Amino acid sequence: NAGVTQTPKFRVLKTGQSMTLLCAQDMNHEYMYWYRQDPGMGLRLIHYSVGEGTTAKGEVPDGYNVSRLKKQNFLLGLESAAPSQTSVYFCASSYSEEQYFGPGTRLTVT
Amino acid sequence: GENVEQHPSTLSVQEGDSAVIKCTYSDSASNYFPWYKQELGKRPQLIIDIRSNVGEKKDQRIAVTLNKTAKHFSLHITETQPEDSAVYFCAAMSSSNYKLTFGKGTLLTVNP
Chain C
208 NAGVTQTPKF RVLKTGQSMT LLCAQDMNHE YMYWYRQDPG MGLRLIHYSV GEGTTAKGEV
268 PDGYNVSRLK KQNFLLGLES AAPSQTSVYF CASSYSEEQY FGPGTRLTVT
Chain Y
20 GENVEQHPST LSVQEGDSAV IKCTYSDSAS NYFPWYKQEL GKRPQLIIDI RSNVGEKKDQ
80 RIAVTLNKTA KHFSLHITET QPEDSAVYFC AAMSSSNYKL TFGKGTLLTV NP
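Quick note, the sequences are listed as chains C and Y, same order. Basically this note's numbering = 1-based index in the first sequence + 207. Basically this note's numbering = 1-based index in the second sequence + 19.
None of these hints come from the bench; they were simulated from the model. The structure displayed is predicted, hence computed values, not measured ones. Please note: incorrect hints may appear among the correct ones.
Stated by the list, open to error - Computed Cβ-Cβ distance ranges for the label pairs, DEER-style: (1) Y:Thr128 / C:Lys278: 39 to 45 Å; (2) C:Pro310 / Y:Ala89: 34 to 40 Å; (3) Y:Glu75 / C:Gly270: 27 to 33 Å; (4) C:Asn272 / Y:Ser114: 24 to 30 Å; (5) C:Ser225 / Y:His26: 37 to 43 Å; (6) Y:Glu34 / C:Glu305: 26 to 32 Å; (7) Y:Val73 / C:Leu229: 34 to 40 Å; (8) C:Lys221 / Y:Asp46: 39 to 45 Å; (9) Y:Ser114 / C:Lys277: 24 to 30 Å; (10) C:Pro268 / Y:Thr97: 38 to 44 Å; (11) C:Ser287 / Y:Asn72: 45 to 51 Å; (12) Y:Ser115 / C:Gly270: 37 to 43 Å; (13) C:Asp245 / Y:His26: 17 to 23 Å; (14) C:Glu266 / Y:Ser114: 14 to 20 Å.
Stated by the list, open to error - Here are some, though not all, of the chain C residues that point toward chain Y, as calculated from beta-carbon distances under 7 Å: (15) Met234; (16) Tyr238; (17) Gly249; (18) Ala289; (19) Glu304; (20) Phe308; (21) Pro310.
Using N, Cα and C, we set each Cβ at its ideal position, and we do this for glycine too.
Chain C with its partners taken away, still in its complex shape (with noise of 0.2 Å):
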């Protein structure tokens, strides 16, 4: 039983390159989470969901894609990188409030 797995662990990438997160849950949660974290400024909501083939917008979207084709994994996707994305990136799963979090993707973005 591996939890919230997260793939990749570290990324650099130059500003206008595209990359996809993957998160990968075998708890059969039925939700979903992508946060950010930057420094003093806690863990921000990017894109959840609900359930398998939903998706919705959190506290700060802008510029990043989710999908959820499998109810295991959630995508998060940058169509285009830009220096303010430089983040630590969580997924989180829950089946009701309890959510447990992924180790973390740090990417850098140059």
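Position chain Y relative to chain C; hints supplied.
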């Protein structure tokens, strides 16, 4: 939407002392309040949570109190140890949408 304020942003205590972190929230519909501990370079880990139908919850050296009328909740750590040093986040959620709103965090340092 929900807004969560957390204070203080940094807290330094001597080993064995108590530490208190306070949070306020704005949405009266919020009914679930978790606290997460995050060590450097690690993921946030849930340490305790409280639901709106109780006023206090305790787990060994950690306790959380909730005042729904005043819309604030607090984390209390007693007999602090160096391994309690970390960033602590409070959060609030309405069970109608299962979205968590986090405070900005408190860096707790426990000095030996």
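Now the hints, each set against the structure:
A hinted range of 39 to 45 Å for the beta carbons of threonine 128 of chain Y and lysine 278 of chain C is consistent with their spacing of about 41 Å. Between proline 310 of chain C and alanine 89 of chain Y the beta carbon distance is about 36 Å. The supplied range of 34 to 40 Å therefore holds. Checked against the hint of 27 to 33 Å, the pair glutamate 75 of chain Y and glycine 270 of chain C fails, with Cβ atoms roughly 42 Å apart. Take asparagine 272 of chain C and serine 114 of chain Y: their Cβ atoms lie about 27 Å apart, and the range 24 to 30 Å holds.
The given range of 37 to 43 Å is respected by serine 225 of chain C and histidine 26 of chain Y, whose C-beta atoms sit roughly 39 Å from each other. Range check, glutamate 34 of chain Y to glutamate 305 of chain C: Cβ separation about 30 Å, and the 26 to 32 Å hint holds. Roughly 38 Å separates the CB atoms of valine 73 of chain Y and leucine 229 of chain C, a value that falls within the hinted 34 to 40 Å. Distance hint check: the CB atoms of lysine 221 of chain C and aspartate 46 of chain Y are about 40 Å apart, consistent with the given range 39 to 45 Å.
Between serine 114 of chain Y and lysine 277 of chain C the beta carbon distance is about 26 Å. The supplied range of 24 to 30 Å therefore holds. Between proline 268 of chain C and threonine 97 of chain Y the beta carbon distance is about 40 Å. The supplied range of 38 to 44 Å therefore holds. The given range of 45 to 51 Å is respected by serine 287 of chain C and asparagine 72 of chain Y, whose C-beta atoms sit roughly 47 Å from each other. In this structure the supplied range 37 to 43 Å is violated for serine 115 of chain Y paired with glycine 270 of chain C, their Cβ-Cβ distance being about 28 Å.
Here the CB-CB span from aspartate 245 of chain C to histidine 26 of chain Y is close to 19 Å, well matched to the stated 17 to 23 Å. Distance hint check: the CB atoms of glutamate 266 of chain C and serine 114 of chain Y are about 18 Å apart, consistent with the given range 14 to 20 Å. For the restraint placing methionine 234 of chain C at the interface with chain Y, the shortest Cβ-Cβ distance is roughly 14 Å, beyond the 7 Å limit, so the hint is violated. A least Cβ separation of about 5 Å between tyrosine 238 of chain C and chain Y falls short of the 7 Å threshold, and the interface hint therefore holds.
For glycine 249 of chain C, the suggested interface contact is upheld, since its CB lies about 4 Å from the closest CB of chain Y, less than 7 Å. Of the supplied interface hints, the one on alanine 289 of chain C is violated, with its beta-carbon coming no nearer than about 23 Å to a beta-carbon of chain Y, more than 7 Å. Residue-level restraint check for glutamate 304 of chain C holds (minimum Cβ-Cβ distance to chain Y is 4 Å; threshold 7 Å). Taking 7 Å as the C-beta contact cut-off toward chain Y, the hint placing phenylalanine 308 of chain C at the interface holds, the least distance being around 4 Å.
A hinted interface residue such as proline 310 of chain C counts as satisfied when its beta carbon comes closer than 7 Å to some beta carbon of chain Y; here the least separation is about 5 Å, so the hint holds.
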